[in-house]
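There are 2 protein chains.
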Amino acid sequence: MSKKVTIYDLATLLKVSPATVSRSLNNHPSISKKTKKRIVAAANEHGYHTNKFAANLRKQKSNTIGVIVPRLDSYFMSTILAGIEQIVSRAGYNLIISQSLEVENKEKKNAETLLNSGVDALLVSLANETTDFSHFDKYISRKIPLLFFDRVLDLPNSPTIIIDNRDAGYDATSHLIQQNCTNILHICGNLKRKVYKKRLEGFKSALETNGIAFNQQHVLEVDFDPKKIEVAVTYIVNSKIKFDGIFVSNDNYAANLIKELQKHQINIPKDIKIIGFNNDPVGEIISPNLSTIEYPGFKMGVLAGESIIAYLEGNINFQSTNSIVLRHELIARASTQNT
Amino acid sequence: MSKKVTIYDLATLLKVSPATVSRSLNNHPSISKKTKKRIVAAANEHGYHTNKFAANLRKQKSNTIGVIVPRLDSYFMSTILAGIEQIVSRAGYNLIISQSLEVENKEKKNAETLLNSGVDALLVSLANETTDFSHFDKYISRKIPLLFFDRVLDLPNSPTIIIDNRDAGYDATSHLIQQNCTNILHICGNLKRKVYKKRLEGFKSALETNGIAFNQQHVLEVDFDPKKIEVAVTYIVNSKIKFDGIFVSNDNYAANLIKELQKHQINIPKDIKIIGFNNDPVGEIISPNLSTIEYPGFKMGVLAGESIIAYLEGNINFQSTNSIVLRHELIARASTQNT
DNA sequence: ATGAAAGCGCTAACAA
DNA sequence: TTGTTAGCGCTTTCAT
Chain A
1 MSKKVTIYDL ATLLKVSPAT VSRSLNNHPS ISKKTKKRIV AAANEHGYHT
51 NKFAANLRKQ KSNTIGVIVP RLDSYFMSTI LAGIEQIVSR AGYNLIISQS
101 LEVENKEKKN AETLLNSGVD ALLVSLANET TDFSHFDKYI SRKIPLLFFD
151 RVLDLPNSPT IIIDNRDAGY DATSHLIQQN CTNILHICGN LKRKVYKKRL
201 EGFKSALETN GIAFNQQHVL EVDFDPKKIE VAVTYIVNSK IKFDGIFVSN
251 DNYAANLIKE LQKHQINIPK DIKIIGFNND PVGEIISPNL STIEYPGFKM
301 GVLAGESIIA YLEGNINFQS TNSIVLRHEL IARASTQNT
Chain B
1 MSKKVTIYDL ATLLKVSPAT VSRSLNNHPS ISKKTKKRIV AAANEHGYHT
51 NKFAANLRKQ KSNTIGVIVP RLDSYFMSTI LAGIEQIVSR AGYNLIISQS
101 LEVENKEKKN AETLLNSGVD ALLVSLANET TDFSHFDKYI SRKIPLLFFD
151 RVLDLPNSPT IIIDNRDAGY DATSHLIQQN CTNILHICGN LKRKVYKKRL
201 EGFKSALETN GIAFNQQHVL EVDFDPKKIE VAVTYIVNSK IKFDGIFVSN
251 DNYAANLIKE LQKHQINIPK DIKIIGFNND PVGEIISPNL STIEYPGFKM
301 GVLAGESIIA YLEGNINFQS TNSIVLRHEL IARASTQNT
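Protein chains in written order, with my numbering: chain A, 1 to 339; chain B, 1 to 339.
Derived from the structure by calculation, the hints contain no laboratory data. Just so it is clear, the structure is predicted and the values come from calculations on it, not from any experiment. Take these hints with a grain of salt, some might be off.
If chains are identical, the list can't say which one is meant, so a pair holds when it fits in one copy or spans any two.
[Stated by the list, open to error] DSSO-like, lysine-lysine: derived pairs with alpha carbons at most 30 Å apart:
#1 Lys61 to Lys4
#2 Lys59 to Lys4
#3 Lys4 to Lys263
#4 Lys61 to Lys194
#5 Lys108 to Lys37
#6 Lys198 to Lys61
#7 Lys34 to Lys108
#8 Lys228 to Lys198
#9 Lys109 to Lys4
#10 Lys198 to Lys109
#11 Lys33 to Lys228
#12 Lys259 to Lys106
#13 Lys109 to Lys36
#14 Lys37 to Lys109
#15 Lys4 to Lys106
#16 Lys109 to Lys299
#17 Lys228 to Lys143
#18 Lys198 to Lys270
#19 Lys106 to Lys37
#20 Lys108 to Lys259
#21 Lys36 to Lys204
#22 Lys36 to Lys138
#23 Lys15 to Lys138
#24 Lys228 to Lys34
#25 Lys108 to Lys270
#26 Lys259 to Lys59
#27 Lys259 to Lys228
#28 Lys228 to Lys36
#29 Lys4 to Lys36
#30 Lys270 to Lys59
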């Protein structure tokens with residue numbers, strides 16, 4: 001890249017020193033308005049662009065923030081990313097985005113690549129698979145700030161942005177119970193991840209509060225791939241328990257489940273009431289409309305962006321703000337309505 | 001960043017020259033296996049990481065590819081991005097992703113930022129708003145390859161990856177006509193973009209082929225924001241024409257439209273048949289299932305990634321491959337079924 | 001308010 | 001096969 005025009009060219013041209021050019025371009029206080037104006041004008045005129053490599057090499061920082069997410073192609077994730085992107089780009093940072101595809105090794109490789117790319121900070125939502133976290137060690141030892149969102153890891157000095165998943169799981173389950181469900185199934189994601197584990201805890205706790213017995217048959221762990229919806233359908237249809245309520249930890253999967261159950265002549269919500277999670281737009285498309293827990297993805301992204309920028313600009317430190325918990329909200333729609 | 005450990009440290013340590021270290025680390029052929037192994041081992045042991053700024057500054061290339069998309073949070077876009085990311089990361093490139101939010105100025109700013117970041121190539125899907133394209137001039141003059149996908153711009157030496165939108169529009173419309181629709185409305189996106197313009201052409205052409213008169217009342221231009229679905233509903237309900245078929249250039253909008261029309265006691269497909277565009281998963285969630293045109297987003301992303309990598313690695317040149325047209329496909333579902 | 005000069009860490013031409 | 005050396009373009013300390 002870079003078809004020339006350096007500060008030296010400008011310097012020669014205007015008969016000043018490269019230092020003056022550099023200072024002018026960076027709005028250094030100790031430069032006269034006049035020369036500054038002259039130089040900036042010339043820079044524009046000649047299509048000067050600062051060479052970030054040189055600047056970064058010199059300054060030892062990149063103005064770039066790395067992001068690792070499990071996958072790009074989910075509504076929830078892309079909403080978060082949209083939030084992050086909006087904030088950091090406004091602050092003059094670039095985003096390097098990579099996806100782990102839920103695979104631990106890919107996550108490790110991405111972390112390494114981003115480290116080499118000299119990111120100033122790393123934002124992560126963990127892959128389901130990941131059980132070893134040593135790929136973050138180098139970030140810590142080099143004091144590159146880490147921030148986790150949604151699928152988080154508790155690390156000293158690495159803030160997390162989450163919702164209270166236990167509470168949300170409790171709310172979702174309680175709602176089903178209030179709607180007179182007594183045989184409730186919880187379909188959850190990979191329990192290696194705290195999001196799902198916490199929601200399961202909330203699920204159990206709500207059952208307990210209401211004096212409903214729990215056993216392993218009330219939980220089904222899946223990977224939320226809609227293509228494998230049959231796993232859930234088979235489980236439900238063949239179970240000895242006649243489920244009358246299902247709490248699915250993912251709206252999209254829940255919507256697909258409703259579709260499939262309907263094909264099996266099961267009426268939603270009459271036979272089985274279903275509540276999802278995330279408030280994906282699909283919930284308002286499906287018939288019946290899906291009850292869910294609102295999970296503010298965009299806001300989470302904005303917050304993640306704001307936190308990391310604030311840190312990088314030295315406005316906050318991460319010792320104090322260690323965890324931001326966003327408010328969730330139950331949204332009751334037709335899929336859990338009493339008939 | 002970068003808590004030290006440079007090739008000089010390694011060089012001193014192993015009593016070789018920095019050049020030897022560099023060559024070893026880059027797998028240069030003219031280095032003995034033995035020293036190479038020694039050096040690589042030491043590098044690992046001491047947690048060496050190449051400083052990309054220095055390398056890039058020296059090599060004048062960044063191993064980074066920039067992407068500008070209208071928005072991150074649509075199923076179609078995130079699918080494309082997932083495809084691009086998969087390919088380029090496999091080839092050792094980073095992706096810098098930014099969104100224009102459909103705003104021309106934001107697109108210009110992004111293009112500039114990415115240029116400054118020294119991207120080796122730029123992949124773009126245009127904002128609806130954009131009418132002036134001068135922000136790409138510098139890329140052209142600096143010979144940084146540009147590639148457009150989906151919402152494309154015809155520029156010499158900048159390949160485009162698209163589907164045959166005219167043909168697809170023709171197919172969608174013909175399908176409605178075959179299903180006995182005669183008063184057909186086309187809801188299209190911003191006609192500044194060729195995607196929508198071509199589909200409209202296809203629409204008109206299909207009408208003409210079938211001897212159906214066309215006038216401006218048969219077209220409604222919207223921005224496909226589901227929150228503004230009322231615009232379309234009002235238009236349809238109040239129109240003097242009693243529409244019996246609608247071709248919507250966006251599945252998500254179509255799904256929302258179906259929902260709203262149903263609230264107005266309009267039966268889909270009995271009263272009005274509807275076909276969408278893109279084959280978004282929402283089409284299989286909505287009742288009735290939405291007929292659509294399959295638009296292979298992931299494949300488009302993969303192809304975009306492959307093309308740009310092939311170019312950067314010198315395996316192809318862009319004079320010859322100027323446009324890749326992907327195959328689209330009509331998917332007939334319940335929303336256009338005869339009753 | 002401005003200039004001179006050193007050097008960030010790496011690669012590659014040239015030499016040995 | 002390995003070493004020497006000269007920058008890549010920028011920022012910044014120290015001088016002026």
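Against the structure, the hints come out as follows:
For the identical chains of this complex, Lys61 and Lys4 are neighbours both inside a copy (23 Å) and across copies (13 Å), given an alpha-carbon limit of 30 Å. Proximity of Lys59 to Lys4 under the C-alpha cut-off of 30 Å is found in both arrangements, the shortest distances being 21 Å within a copy and 14 Å between copies. Proximity of Lys4 and Lys263 under a CA criterion of 30 Å is satisfied in neither setting, with 65 Å inside one chain copy and 62 Å between copies. For the homomeric pair Lys61 and Lys194, neither the shortest alpha-carbon distance inside one copy (33 Å) nor that between copies (41 Å) is at most 30 Å.
For the homomeric pair Lys108 and Lys37, the shortest alpha-carbon distance between copies (23 Å) is at most 30 Å, but the shortest distance inside one copy (47 Å) is not. Taking identical chains as interchangeable, the C-alpha atoms of Lys198 and Lys61 are never at most 30 Å apart, the minima being 37 Å within one chain and 46 Å between chains. For the homomeric pair Lys34 and Lys108, the shortest alpha-carbon distance between copies (28 Å) is at most 30 Å, but the shortest distance inside one copy (51 Å) is not. Taking identical chains as interchangeable, the C-alpha atoms of Lys228 and Lys198 lie at most 30 Å apart only when both belong to the same chain, with a minimum of 24 Å there against 37 Å between chains.
In the homo-oligomer, the alpha carbons of Lys109 and Lys4 lie at most 30 Å apart only across protomers (21 Å), although the nearest pairing inside one protomer, at 34 Å, exceeds that limit. Taking identical chains as interchangeable, the C-alpha atoms of Lys198 and Lys109 lie at most 30 Å apart only when both belong to the same chain, with a minimum of 28 Å there against 42 Å between chains. Taking the closest pair of Cα atoms, Lys33 and Lys228 never come within 30 Å of each other, the shortest separation being 65 Å inside a single copy and 48 Å across copies. In this assembly of identical chains, Lys259 and Lys106 lie within 30 Å of each other by CA distance neither inside one copy nor across copies; the values are 33 Å within and 40 Å between.
For the identical chains of this complex, Lys109 and Lys36 are inter-copy neighbours only, at 22 Å across copies versus 44 Å inside a copy, given an alpha-carbon limit of 30 Å. Taking the shortest Cα distances, Lys37 and Lys109 sit within 30 Å of each other only across copies (22 Å), while inside one copy they are farther apart (46 Å). In this homomeric assembly, Lys4 and Lys106 come within 30 Å of each other (Cα to Cα) only across copies, at 26 Å, whereas the closest approach inside a single copy is 37 Å. For a Cα distance limit of 30 Å, the shortest separation of Lys109 from Lys299 qualifies both inside one copy, at 28 Å, and across copies, at 24 Å.
Taking the shortest Cα distances, Lys228 and Lys143 never come within 30 Å of each other, neither inside one copy (41 Å) nor across copies (46 Å). For the homomeric pair Lys198 and Lys270, the shortest alpha-carbon distance inside one copy (29 Å) is at most 30 Å, but the shortest distance between copies (46 Å) is not. For a Cα distance limit of 30 Å, the shortest separation of Lys106 from Lys37 across copies, 25 Å, qualifies, whereas the shortest one inside one copy, 48 Å, does not. For the homomeric pair Lys108 and Lys259, neither the shortest alpha-carbon distance inside one copy (37 Å) nor that between copies (43 Å) is at most 30 Å.
Proximity of Lys36 and Lys204 under a CA criterion of 30 Å is satisfied in neither setting, with 66 Å inside one chain copy and 57 Å between copies. When the C-alpha separation of Lys36 and Lys138 is checked against a cutoff of 30 Å, the pair qualifies only between copies, where the shortest distance is 24 Å, while the shortest distance within a copy is 41 Å. Taking the shortest alpha-carbon separations for Lys15 and Lys138, only the inter-copy value of 26 Å comes in at or below 30 Å, while the best intra-copy value is 45 Å. Taking the shortest alpha-carbon separations for Lys228 and Lys34, neither the intra-copy value of 67 Å nor the inter-copy value of 50 Å comes in at or below 30 Å.
Taking the closest pair of Cα atoms, Lys108 and Lys270 never come within 30 Å of each other, the shortest separation being 46 Å inside a single copy and 53 Å across copies. Within a single copy, Lys259 and Lys59 get their C-alpha atoms no closer than 56 Å, and across copies no closer than 55 Å, so neither meets the 30 Å cut-off. Proximity of Lys259 to Lys228 under the C-alpha cut-off of 30 Å is found in both arrangements, the shortest distances being 13 Å within a copy and 27 Å between copies. Neither within a single protomer nor between protomers do Lys228 and Lys36 lie at most 30 Å apart by alpha-carbon distance, with minima of 63 Å and 47 Å respectively.
For the homomeric pair Lys4 and Lys36, the shortest alpha-carbon distance inside one copy (21 Å) is at most 30 Å, but the shortest distance between copies (35 Å) is not. For the identical chains of this complex, Lys270 and Lys59 are neighbours neither inside a copy (64 Å) nor across copies (66 Å), given an alpha-carbon limit of 30 Å.
The structure does not agree with the numbered hints 3, 4, 6, 11, 12, 17, 20, 21, 24, 25, 26, 28, 30 stated previously, though it agrees with the rest.
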